[in-house]
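Asks: Sequence:
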Amino acid sequence: MRDPQVAARLKSLVDRFTTAELNQLLFIYTTRANLVLADFVREVYWARYAAGRNDLQLEDARIFVANSVREGKTQKPWSETTIKRISSYLMGCCADYGLLTTTGRNQRSISVYRILPKVAAYLAYDLKFSGLGDNQIVSSSDWDLFGLERSDVRDQLKRLSLQGLLIFQAASDVVHIGWTYKSMEELIDVIAQS
Numbered sequence: 019m020r021d022p023q024v025a026a027r028l029k030s031l032v033d034r035f036t037t038a039e040l041n042q043l044l045f046i047y048t049t050r051a052n053l054v055l056a057d058f059v060r061e062v063y064w065a066r067y068a069a070g071r072n073d074l075q076l077e078d079a080r081i082f083v084a085n086s087v088r089e090g091k092t093q094k095p096w097s098e099t100t101i102k103r104i105s106s107y108l109m110g111c112c113a114d115y116g117l118l119t120t121t122g123r124n125q126r127s128i129s130v131y132r133i134l135p136k137v138a139a140y141l142a143y144d145l146k147f148s149g150l151g152d153n154q155i156v157s158s159s160d161w162d163l164f165g166l167e168r169s170d171v172r173d174q175l176k177r178l179s180l181q182g183l184l185i186f187q188a189a190s191d192v193v194h195i196g197w198t199y200k201s202m203e204e205l206i207d208v209i210a211q212s
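Be aware that the sequence shown starts at 19, since it is given in our numbering, and climbs by one per residue.
Every clue listed holds true.
Capping the alpha-carbon separation at 35 Å, the derived lysine-lysine pairs in DSBU-like fashion look like this:
{"no.": "1", "residue 1": "Lys-200", "residue 2": "Lys-29"}
{"no.": "2", "residue 1": "Lys-102", "residue 2": "Lys-91"}
{"no.": "3", "residue 1": "Lys-146", "residue 2": "Lys-91"}
{"no.": "4", "residue 1": "Lys-176", "residue 2": "Lys-200"}
{"no.": "5", "residue 1": "Lys-176", "residue 2": "Lys-29"}
{"no.": "6", "residue 1": "Lys-200", "residue 2": "Lys-146"}
{"no.": "7", "residue 1": "Lys-29", "residue 2": "Lys-102"}
{"no.": "8", "residue 1": "Lys-146", "residue 2": "Lys-176"}
{"no.": "9", "residue 1": "Lys-91", "residue 2": "Lys-29"}
{"no.": "10", "residue 1": "Lys-146", "residue 2": "Lys-29"}
Simulated DEER-style distance windows between Cβ atoms:
{"no.": "11", "residue 1": "Thr-36", "residue 2": "Glu-204", "range": "18 to 24 Å"}
{"no.": "12", "residue 1": "Thr-119", "residue 2": "Gln-211", "range": "29 to 35 Å"}
{"no.": "13", "residue 1": "Val-208", "residue 2": "Lys-29", "range": "14 to 20 Å"}
{"no.": "14", "residue 1": "Thr-120", "residue 2": "Val-192", "range": "40 to 46 Å"}
None of these hints come from the bench; they were simulated from the model.
Even for Gly, the Cβ is constructed at its ideal location relative to N, Cα and C.
Model the full structure from these sequences, guided by the hints.
Replies: Have a look at this one:
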């Protein structure tokens with residue numbers, strides 16, 4: 019976790035956010051800590067979703083992990099046992115975080131997965147307080163975890179602007195974001211009450 023205050027923030031949200039909202043925040047932090055999961059969601063899950071596929075199978079995860087090992091994305095080669103274990107982990111995480119529902123032993127159905135408004139606000143501010151500039155925030159790979167492209171992120175930020183959580187201005191490829199709240203704690207207090 020980038021910020022040492024993350025655990026305290028998440029703990030403070032347990033009674034203030036819905037289970038679905040907390041789940042999405044935990045999903046973000048889990049993918050930041052486990053890059054193989056982040057890559058799997060971005061490269062396999064959303065590619066399948068965009069292609070109109072309804073399901074994701076354990077074999078899809080195994081192929082992804084095996085290819086990642088072959089491409090040198092791991093520090094050292096993994097055994098077939100490790101590849102199987104990581105493949106199961108990827109599918110399990112996607113199910114745990116609501117991206118997949120179980121339809122069979124080795125097959126899962128792709129769920130409709132959209133970022134929730136409070137999570138979008140939290141993420142935007144989290145990226146800002148981690149030191150990213152406005153254009154970097156819009157282009158952050160964290161949005162990809164929710165299947166959002168740059169234009170989708172801009173639309174999401176416009177909606178947050180209409181809610182008064184920030185001020186979003188865009189012209190061509192340049193964006194400016196005015197930040198209504200000066201700390202994550204201020205933001206959390208406001209969005210937890212809405």
